[in-house]
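Trainee: Let chain A serve as the given structure and place chain B on it in line with the hints.
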Amino acid sequence: MKIGIVKLASCSGCQIALLDTHEKLLEIADKVVYAPLIKDARELPDCDVVLVEGAVRTEHELEVLKRARERAKKLVAFGSCSALGGISGMGSIHKPEKLIEDIYGRDLDYKLLDFAYPIDRFVEVDYYLPGCPPTPELISKFIDGILNGRVERHDYPVCAECGRLVVHTKIDNIKKTELPDPKVCLLSQGYVCLGSVTRGGCRAICTKAGVPCRGCRGPTDKVMVMPCKDYLTELHDRIERIAGFDVKFNDVASIYAFVFTSDMMDKLVSRIKEVIRKGRRGGRA
Amino acid sequence: MIRIEIDEDRCVGCLECVDVCPTGVIINKNNKPFVENAERCIGCLSCSYVCRADAIKHEGIHVEEKIVKNVYIEEKVERFV
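These protein sequences, in sequence, are chains A and B. Residue 165 in numbering that gives the first Met the number 0 sits at position 166 of the first sequence; the count goes up by one each step and never skips. Residue 43 in numbering that gives the first Met the number 0 sits at position 44 of the second sequence; the count goes up by one each step and never skips.
Among the hints, erroneous ones may be present.
[As the list claims (entries may be wrong)] Here chain B is said to cover these stretches of chain A; the calculated rule only asks that three of the stretch's residues, wherever they fall, bring their Cβ under 8 Å from a Cβ of chain B:
no. : region
1   : 1–9
2   : 13–24
3   : 118–126
4   : 231–243
Worth flagging that the hints you see were computed from the coordinates, not collected in a lab. Even glycine gets a Cβ: it sits at the ideal position worked out from N, Cα and C.
With the rest of the complex left out, here is chain A:
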């Protein structure tokens, strides 16, 4: 069993999460044959599993990705950037020329693709392991599963693992700064928490610590499959029923943060396209 790790446009956080798997790492480290951050190897050899981290932003990365597909028996989208666009995908709100100018201060002779695409746009993907980063527990479970040929899926939302109880209340507006009650659902306290529409499996580490879910694991099966379901419509309905006020989402971009370029969320009801169009025209997204 050979594992290779390929890095595209990303922060390397997912590879660091792989190093956090404690005693499981000893088992994994023997099998890793190529990883820019961990192992000393020049070329990607033929592998059984290739974990691809990061979105496709440049033409060079596209070539790397295509080569990885040729060399891999099973290609895994590792982390949210490669599975759904993720944080790298957020760059798509602005024009590529503007990004280069903002960072380097001048025009470079370097070509970016128009968007930061998730990898399934170009090659076929066998498994998606979203998460920003996927928790070490998820990673070790997934690698165990791939060794045995039986991968466990997580198709329930974060709420199923969270353990906070819903209280029906009346609130006037969205809260952002105050400390939340430790036992009551964050939505019913007026925080915009994406837990009810986000894929679980992370053991709800954020919401248990009192931080609203940002939706890093991407949408659940229900939200992906149903054409009329979307982050905004779902959250709007739930907040209206539980906390009793008509929400006006001011920063739509932060709700869609992890799914900007994913074609799974390319629906009529979602406002991703509108946000991108506004941002590219120079307005506030």
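Mentor: Just chain B now, with coordinates in the frame of chain A:
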């Protein structure tokens, strides 16, 4: 005969299933949903559609396959771990 099971560990007590059930099968008992007479269930699956914690399971239901299906998306969704 349709059987409905509510996973109590997952349930967060939002009671949206109680509101949405058209025949009143699921009722509010001490701020927790409770299945009273399951034989009245018409199998509309509204409760499992609206459940945010994916806690409601139906057994012995006559319609299990979705009629409208986007094959491209369904194939992809199966691969999300």
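Trainee: Each hint: holds or not?
Mentor: Hint by hint, here is what the structure shows:
Proximity of the region 1–9 of chain A to chain B, defined as three or more residues with a beta carbon under 8 Å from a beta carbon of that chain, is not established by the 0 residues found. Coverage of the region 13–24 of chain A by chain B is violated [criterion: at least 3 residues with CB-CB distance below 8 Å; count 0]. For the region 118–126 of chain A, the stated coverage by chain B holds: 4 residues have a C-beta nearer than 8 Å to a C-beta of that chain, and at least 3 were required. Restraint check on the region 231–243 of chain A versus chain B: 3 residues with Cβ-Cβ distances below 8 Å, three needed, restraint holds.
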